[in-house]
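From just these sequences and the hints, can you work out the full model?
In order, the protein sequences belong to chains A, B, C and D. Just so you know, our numbering puts 94 at position 94 of the first sequence, and the rest follows in order with no gaps. Just so you know, our numbering puts 293 at position 293 of the second sequence, and the rest follows in order with no gaps. Just so you know, our numbering puts 55 at position 55 of the third sequence, and the rest follows in order with no gaps. Just so you know, our numbering puts 220 at position 220 of the fourth sequence, and the rest follows in order with no gaps.
If you are wondering where the hints come from, they were derived from the structure by calculation, not from laboratory data. Check each hint, because a few of them may be wrong.
To be verified - Heads up, simulated EDC-like pairs for lysine to aspartate or glutamate below, C-alpha to C-alpha not over 16 Å straight-line:
hint: 1; chain 1: A; residue 1: 226; chain 2: D; residue 2: 303
hint: 2; chain 1: B; residue 1: 52; chain 2: A; residue 2: 303
hint: 3; chain 1: D; residue 1: 52; chain 2: C; residue 2: 270
hint: 4; chain 1: B; residue 1: 280; chain 2: C; residue 2: 71
hint: 5; chain 1: C; residue 1: 280; chain 2: B; residue 2: 191
hint: 6; chain 1: C; residue 1: 52; chain 2: D; residue 2: 340
hint: 7; chain 1: C; residue 1: 37; chain 2: C; residue 2: 59
hint: 8; chain 1: A; residue 1: 52; chain 2: B; residue 2: 268
hint: 9; chain 1: B; residue 1: 226; chain 2: C; residue 2: 265
hint: 10; chain 1: D; residue 1: 226; chain 2: A; residue 2: 270
hint: 11; chain 1: C; residue 1: 205; chain 2: B; residue 2: 301
hint: 12; chain 1: B; residue 1: 205; chain 2: C; residue 2: 301
hint: 13; chain 1: B; residue 1: 52; chain 2: A; residue 2: 340
Given the structure is predicted, the values throughout are model-derived calculations rather than measurements.
So you can see what is in the structure, the chains are spelled out below.
4 protein chains.
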Amino acid sequence: MKTKVAIIGATGYTGVELLRLLLHHPEVEVTALTSQKYAGVQIGQVFPSLAKQLQIKCEELSVEQVSKKTDFVFTALPHKTAMETVPLFYRSGKRVVDLSADFRLKDSSVYERWYQKHTAIDLLGESVYGLPELHRDKIRSAKIVGNPGCYPTGALIGLIPLIKKGLISLEGIVVDSKSGVSGAGRDVVLESLFCEVNEGVKAYKIFAHRHTPEIEQEASLLAQKKIAVAFVPHLIPMDRGILTTLYVQLTKKMKTEELLDAFQESYEGEPFVRIYPKGKLPNTKDVRGSNFCDIGAVVSETDGRAVVVTAIDNLVKGASGEAIQNMNIMLGYPEAMGLDVAPLFP
Amino acid sequence: MKTKVAIIGATGYTGVELLRLLLHHPEVEVTALTSQKYAGVQIGQVFPSLAKQLQIKCEELSVEQVSKKTDFVFTALPHKTAMETVPLFYRSGKRVVDLSADFRLKDSSVYERWYQKHTAIDLLGESVYGLPELHRDKIRSAKIVGNPGCYPTGALIGLIPLIKKGLISLEGIVVDSKSGVSGAGRDVVLESLFCEVNEGVKAYKIFAHRHTPEIEQEASLLAQKKIAVAFVPHLIPMDRGILTTLYVQLTKKMKTEELLDAFQESYEGEPFVRIYPKGKLPNTKDVRGSNFCDIGAVVSETDGRAVVVTAIDNLVKGASGEAIQNMNIMLGYPEAMGLDVAPLFP
Amino acid sequence: MKTKVAIIGATGYTGVELLRLLLHHPEVEVTALTSQKYAGVQIGQVFPSLAKQLQIKCEELSVEQVSKKTDFVFTALPHKTAMETVPLFYRSGKRVVDLSADFRLKDSSVYERWYQKHTAIDLLGESVYGLPELHRDKIRSAKIVGNPGCYPTGALIGLIPLIKKGLISLEGIVVDSKSGVSGAGRDVVLESLFCEVNEGVKAYKIFAHRHTPEIEQEASLLAQKKIAVAFVPHLIPMDRGILTTLYVQLTKKMKTEELLDAFQESYEGEPFVRIYPKGKLPNTKDVRGSNFCDIGAVVSETDGRAVVVTAIDNLVKGASGEAIQNMNIMLGYPEAMGLDVAPLFP
Amino acid sequence: MKTKVAIIGATGYTGVELLRLLLHHPEVEVTALTSQKYAGVQIGQVFPSLAKQLQIKCEELSVEQVSKKTDFVFTALPHKTAMETVPLFYRSGKRVVDLSADFRLKDSSVYERWYQKHTAIDLLGESVYGLPELHRDKIRSAKIVGNPGCYPTGALIGLIPLIKKGLISLEGIVVDSKSGVSGAGRDVVLESLFCEVNEGVKAYKIFAHRHTPEIEQEASLLAQKKIAVAFVPHLIPMDRGILTTLYVQLTKKMKTEELLDAFQESYEGEPFVRIYPKGKLPNTKDVRGSNFCDIGAVVSETDGRAVVVTAIDNLVKGASGEAIQNMNIMLGYPEAMGLDVAPLFP
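Set out below in structure tokens:
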């Protein structure tokens with residue numbers, strides 16, 4: 001029998017992406033969609049792309065109602081709302097993958113510095129940071145998974161082998177990310193209008209983006225030492241994709257091939273990580289619509305600096321695809337089930 | 001046992017799209033890829049999007065070699081080259097879906113007026129025009145299917161019910177199409193450079209586009225009367241998608257709802273046609289990456305004119321998806337097998 | 001002494017475009033900008049593109065205050081608001097170019113059918129439809145100029161010679177227009193979000209767009225016979241530009257060259273109309289940022305149909321540039337003054 | 001009398017941009033255009049954007065012929081060809097602004113390591129690196145100006161005040177640049193096709209881009225100490241614009257406001273540099289089509305790192321606009337003459 005799944009907050013971009021991907025998942029059936037704005041409306045009318053494939057109406061959120069008809073819950077709500085909703089599902093016995101920021105940060109004081117008061121501190125211990133490449137084992141039995149942010153996903157997958165293997169100085173790490181516009185969500189704001197975004201590129205929230213503590217938490221945990229990164233996100237005129245360019249200082253002499261070998265070794269067996277050979281570099285266009293994270297790297301042998309580049313689709317590996325990967329792990333399905341979809345090129 | 005399939009000319013945009021889709025086809029295995037330019041190269045190196053999903057090298061075309069290891073052939077070659085290659089596979093007993101223009105036009109003199117001398121006239125009788133919505137029955141047993149052009153697919157699916165049911169005047173039909181750039185293929189020409197195309201829109205080949213006779217052939221056949229359409233294609237700055245706006249004169253008083261009902265009735269049971277309700281109009285963005293053809297329509301009750309709008313992904317329903325749909329019909333598979341992929345939105 | 005100019009509603013896209021162009025006008029000085037939203041803010045902070053070039057603060061609209069410090073007024077307000085504001089400036093003795101729809105339609109009943117109640121009907125007789133290619137002489141002495149809509153500008157410049165010279169049937173005219181997103185203005189609505197628009201194309205308001213009566217009014221006036229056009233606007237993913245494809249039936253046998261000659265003759269001496277030679281077709285990219293309207297045409301000799309294509313920048317010739325052209329005519333300046341700016345390519 | 005100007009290699013993107021801008025220069029007349037490919041063709045046919053504004057035919061390059069009819073020469077040739085051509089004009093007594101890389105690097109061995117053999121080494125001493133913000137005085141009397149590369153312009157304008165005032169460590173500087181596609185020129189290559197570039201972002205030539213030695217030369221000269229930067233260029237899907245994000249380590253405690261004040265002070269009086277106030281960051285969209293370089297900055301007070309962001313239009317301040325600025329300086333015209341054009345927004 002298929003697992004019955006709910007999507008809470010189904011009408012944002014991560015919601016429609018969850019639906020697109022879950023439609024192909026052989027062991028899952030979506031049985032509840034909630035939406036404040038579109039309650040009572042067929043999902044195929046909210047998103048014509050889904051018409052003729054899924055007959056299900058959005059409903060207002062009632063934890064009780066949803067709990068009755070589902071086995072597993074994705075919450076795709078804004079932070080704060082997530083914090084209020086997830087505990088209710090938790091208490092009704094549901095396992096949850098939460099796509100907001102509310103269950104990612106382990107230290108509530110860090111959360112409160114970057115966001116606002118946390119009202120479910122007791123559950124932070126229950127939740128697991130949902131980056132399978134880092135925490136697969138803990139995710140397996142987690143009750144709540146805090147699905148990683150899009151930028152942290154791209155940054156951390158590039159940093160993990162470097163830190164784990166002690167290849168880099170933990171000082172002075174630079175994380176320069178370039179994101180498509182869907183990362184800003186479907187909120188109707190001036191900054192996301194076509195004519196404001198198209199044919200332009202800008203940096204934003206320098207040293208102040210809320211994904212910074214998330215990158216630093218996981219990097220520090222891995223290094224067992226406090227790491228501060230200089231993280232700058234940029235907005236570029238495309239729908240999907242995040243390219244992250246990492247600048248690091250190597251701790252020992254290495255060639256590009258050796259660095260790539262270290263990545264290869266670290267990610268042996270990972271279903272969604274692809275390491276590029278020397279001389280090739282990833283492009284977000286080659287991962288679009290898929291759960292892949294592509295990685296390239298170059299070493300400057302003269303001064304021991306290295307650049308690592310990662311490419312993901314922010315809505316897939318950076319959000320909904322990763323959430324399904326986490327669900328697969330939690331439910332004991334093959335990790336790539338429903339996610340073995342090739343990128344859309346061109 | 002899976003059907004073994006070859007793609008001849010695998011490294012253009014229709015080739016990579018065939019591969020993307022066939023990767024999900026449960027009854028098909030791709031066992032041969034040919035490419036003049038990339039012979040000897042792993043397909044995952046030609047198209048990094050396909051890396052880690054398909055291990056197969058491009059080879060130079062040898063009909064003999066390919067025939068040995070495959071059961072079914074897609075030819076994605078330029079016209080003229082197709083005309084020389086398809087007969088060889090035909091004679092070696094293979095059934096072929098040809099994505100070029102060479103087996104679409106029934107009248108060789110029409111072909112020769114728009115293209116060049118036809119050197120396989122004897123096979124024109126064998127081939128079937130591969131629009132399932134028109135010729136499903138003939139396709140079933142066809143040896144050669146001439147897969148429709150991208151523009152004709154969008155235009156004809158909009159015209160079929162109107163002509164079949166005698167709803168419109170056969171004079172004065174206007175077909176105004178807007179296409180993304182991938183329709184021009186992967187040829188390296190000035191006109192396809194990013195900076196030449198982006199932030200602009202133009203009409204091209206007015207009254208002179210080679211898809212005109214194709215639209216007229218099928219429309220005339222259906223009407224059993226010679227139809228001439230005014231067809232103007234336009235190039236717009238996006239990767240994929242064709243929106244076709246049809247202007248017709250109704251032969252009797254109708255309301256918008258009645259016209260839409262006629263479409264609904266005509267396409268009852270069609271797996272890939274979606275009719276929009278009154279007040280909604282299709283957007284190519286809602287079919288991107290899928291085999292759907294979305295249709296909307298509006299009647300001007302004051303003067304009896306009507307506008308019908310169709311949206312397809314030119315690389316899927318307008319090329320590779322339709323080719324697979326044809327293959328499914330030819331091989332007796334469920335028609336939507338491998339094609340039940342939801343559009344990528346946004 | 002320079003003419004002192006006010007822009008009422010300066011912080012939309014037509015407002016910033018008026019400013020961009022007026023900065024180069026040697027005889028004009030902008031001395032008042034009004035904005036409800038940005039009152040008190042330097043215009044260079046509203047639009048960083050204008051920083052360091054113009055030091056002027058937005059103010060709340062006071063007709064009295066603005067009248068004191070200006071000689072000439074551009075109103076770039078939404079319709080209805082314009083209708084309430086323009087009469088006040090008129091009564092205070094100012095000549096006005098109004099960029100809204102409120103003073104374009106001569107017949108108030110037509111206006112009221114497409115918009116809402118008209119509250120300044122008495123001024124409709126005073127106002128002139130501001131298409132210089134049609135009404136230059138009347139514009140010269142007009143007190144109020146109703147600056148044409150963007151679509152009507154592109155459509156009418158293509159139709160004028162055809163109608164004037166009696167070259168086409170007045171029945172069955174099709175006007176298929178493709179517009180960039182800035183035509184929708186700077187309103188913060190879901191439909192204008194980058195991710196909703198990018199990589200898609202759609203038709204909208206078929207037979208129902210408010211520019212229809214405007215095209216029909218001027219075409220009918222010229223023909224001295226009622227003309228109904230089938231007008232369908234489309235939205236395409238670019239900032240600026242409108243391409244209009246006109247489908248007409250010629251009343252006599254003509255070759256493409258002859259049709260182009262007719263255009264050439266009609267527009268002899270027009271500073272902003274460029275006729276393309278046979279075999280060349282316009283692209284909005286070649287007029288971007290300029291006041292040009294480029295025209296191409298093709299005749300189908302077999303059936304006497306013709307296609308005429310026009311390209312404009314909707315914010316320049318379709319709005320702010322045309323408004324300045326009208327101002328130049330009204331004030332006796334050379335018509336191209338301040339508008340002799342070359343298109344931005346690429 | 002106007003200065004007669006030649007553009008050698010007029011049919012690339014920097015050529016058409018020189019023409020667009022020079023059309024508005026009140027003291028300059030373009031009297032010769034050369035093009036190998038389009039010799040004999042009116043420039044308005046090569047670039048329809050220029051039609052009706054400039055009547056001049058492209059001709060094959062003859063230094064003698066061109067020298068006869070011009071006073072001043074812009075060479076917009078590929079490197080190597082430039083190196084062969086510039087000396088001829090020099091010897092015929094013409095002053096030249098060269099837009100290639102051939103006269104930028106002072107040390108021929110550096111040039112030869114990054115490019116190829118240099119055949120005009122004797123002229124390297126004659127030439128001045130044409131960044132007015134650095135070398136205005138020397139440019140005034142230069143015979144040959146090596147017009148800076150697009151990336152170095154954006155990087156150096158961001159670095160100059162920091163180095164000059166000793167505000168940063170000279171170690172570990174990161175230069176992460178994001179460029180529109182026109183930076184790749186008008187060469188017809190696969191990588192520049194619309195469908196290869198659109199909806200994607202990639203890094204390229206990591207540690208290996210030829211603009212690296214140019215940035216390092218000028219930065220080192222200024223610091224009087226050898227500086228090595230980690231420079232990574234990225235390609236993003238837009239026509240024009242370069243955003244450069246600089247990561248530096250401050251040598252003393254500073255606030256963001258103080259850093260911005262330092263920039264303000266350094267660039268006091270510069271006609272084309274705009275410093276953003278705290279809390280605002282530049283967007284390439286706000287400089288498009290103009291010669292401005294916009295600058296923003298943020299300090300991380302906790303660890304003394306700072307990020308500086310600069311935005312230019314790569315074809316204007318990064319190429320043709322800067323070339324005209326240099327010409328103005330060389331000829332004693334006001335530096336902003338012909339360049340006082342407002343950015344095109346949106």
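Practice problem: Enumerate the violated hints, using their earlier numbering and listing them in ascending order. | Solution: 2, 4, 9, 10
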